[in-house]
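Chemist: So the protein sequences, as listed, match chains C and P.
When we follow this note's numbering, the leftmost residue of the first sequence carries the number 1, and every step to the right adds one.
When we follow this note's numbering, the leftmost residue of the second sequence carries the number 1, and every step to the right adds one.
These are calculated hints, taken from the structure and not from any lab test.
Keep in mind it's a predicted model, so treat the numbers as computed, not measured.
Watch out, some of these pointers could steer you wrong.
Unchecked claim - Subject to a maximum C-alpha distance of 30 Å in a straight line, what follows is the list of computed DSS-like cross-link-like pairs (lysine-lysine):
id, chain 1, residue 1, chain 2, residue 2
1, P, K102, P, K58
2, C, K17, C, K78
3, C, K78, P, K102
4, C, K15, C, K78
5, C, K11, P, K78
6, P, K78, P, K58
To be verified - Under 10 Å between C-beta atoms, here's a sample of chain P residues computed to sit facing chain C:
id, residue
7, V4
8, Y36
9, N97
10, T98
11, F105
12, T107
Stated by the list, open to error - Using C-beta positions, here's what the derived DEER-type ranges look like:
id, chain 1, residue 1, chain 2, residue 2, range
13, P, E16, C, Q41, 29 to 35 Å
14, C, G59, P, E15, 36 to 42 Å
15, P, S114, C, Q80, 44 to 50 Å
Even glycine gets a Cβ: it sits at the ideal position worked out from N, Cα and C.
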Amino acid sequence: GAGVSQTPSNKVTEKGKYVELRCDPISGHTALYWYRQSLGQGPEFLIYFQGTGAADDSGLPNDRFFAVRPEGSVSTLKIQRTERGDSAVYLCASSLQGSHTGELFFGEGSRLTVL
Amino acid sequence: AQSVTQLDSQVPVFEEAPVELRCNYSSSVSVYLFWYVQYPNQGLQLLLKYLSGSTLVKGINGFEAEFNKSQTSFHLRKPSVHISDTAEYFCAVSPMNTGFQKLVFGTGTRLLVSP
Numbered sequence: 001g002a003g004v005s006q007t008p009s010n011k012v013t014e015k016g017k018y019v020e021l022r023c024d025p026i027s028g029h030t031a032l033y034w035y036r037q038s039l040g041q042g043p044e045f046l047i048y049f050q051g052t053g054a055a056d057d058s059g060l061p062n063d064r065f066f067a068v069r070p071e072g073s074v075s076t077l078k079i080q081r082t083e084r085g086d087s088a089v090y091l092c093a094s095s096l097q098g099s100h101t102g103e104l105f106f107g108e109g110s111r112l113t114v115l
Numbered sequence: 001a002q003s004v005t006q007l008d009s010q011v012p013v014f015e016e017a018p019v020e021l022r023c024n025y026s027s028s029v030s031v032y033l034f035w036y037v038q039y040p041n042q043g044l045q046l047l048l049k050y051l052s053g054s055t056l057v058k059g060i061n062g063f064e065a066e067f068n069k070s071q072t073s074f075h076l077r078k079p080s081v082h083i084s085d086t087a088e089y090f091c092a093v094s095p096m097n098t099g100f101q102k103l104v105f106g107t108g109t110r111l112l113v114s115p
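With the hints as constraints, model all of the structure from the sequences given.
Modeler: Written out as structure tokens, the structure is:
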């Protein structure tokens, strides 16, 4: 596609439910990133994939959060037993492998609201 | 660890006036520096970056920023703003020893341009 695509754009769920957020990166981009942006804050790093493997998952807040990228393209962020504090906009970005330009291409985000 | 401070949460300005958005950072290692812009209902977009070389960097849409290592600042400037510059602006840093994958963002500055 032309840009990074994220679905759903909005998700409302109840506390304790399971949620999946999907990211489709720019074609040919092997690096993929997830960030989380809470209200009034800047984006916070969650996890970075290079190909199929998670190269850095140090930003995942706890073991309720998990992300996969089984074929090195589309990625899914999975949140178990959601809590109200998980409400945020989840941003996905992609970039070329080995890029030295430093530019990440962001999607529009998935807004998660936990009631 | 790194941190980024954007002291101004909101900057109102009249069209064709100059503007400066302030950014200060803290880091124990050398960093790359970025400004990203988020227009309403769009994803984050790279405005400009400092990787090395000249400390004055020029970006898209007439914006520029100057890296000041002694003051640990990377302020964003534009000599004459347009209505279309109304957006949220985020300053970010990335430690040089980890590349570009782990951006640390500030809390953002909302630029409001009025006629």
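Chemist: State for each hint whether it applies.
Modeler: Outcome of the hint check:
no.: 1; hint: P:K102 - P:K58; verdict: 23 Å, holds
no.: 2; hint: C:K17 - C:K78; verdict: 11 Å, holds
no.: 3; hint: C:K78 - P:K102; verdict: 20 Å, holds
no.: 4; hint: C:K15 - C:K78; verdict: 15 Å, holds
no.: 5; hint: C:K11 - P:K78; verdict: 37 Å, violated
no.: 6; hint: P:K78 - P:K58; verdict: 10 Å, holds
no.: 7; hint: V4; verdict: 7 Å, holds
no.: 8; hint: Y36; verdict: 8 Å, holds
no.: 9; hint: N97; verdict: 13 Å, violated
no.: 10; hint: T98; verdict: 8 Å, holds
no.: 11; hint: F105; verdict: 3 Å, holds
no.: 12; hint: T107; verdict: 5 Å, holds
no.: 13; hint: P:E16 - C:Q41: 29 to 35 Å; verdict: 32 Å, holds
no.: 14; hint: C:G59 - P:E15: 36 to 42 Å; verdict: 39 Å, holds
no.: 15; hint: P:S114 - C:Q80: 44 to 50 Å; verdict: 46 Å, holds
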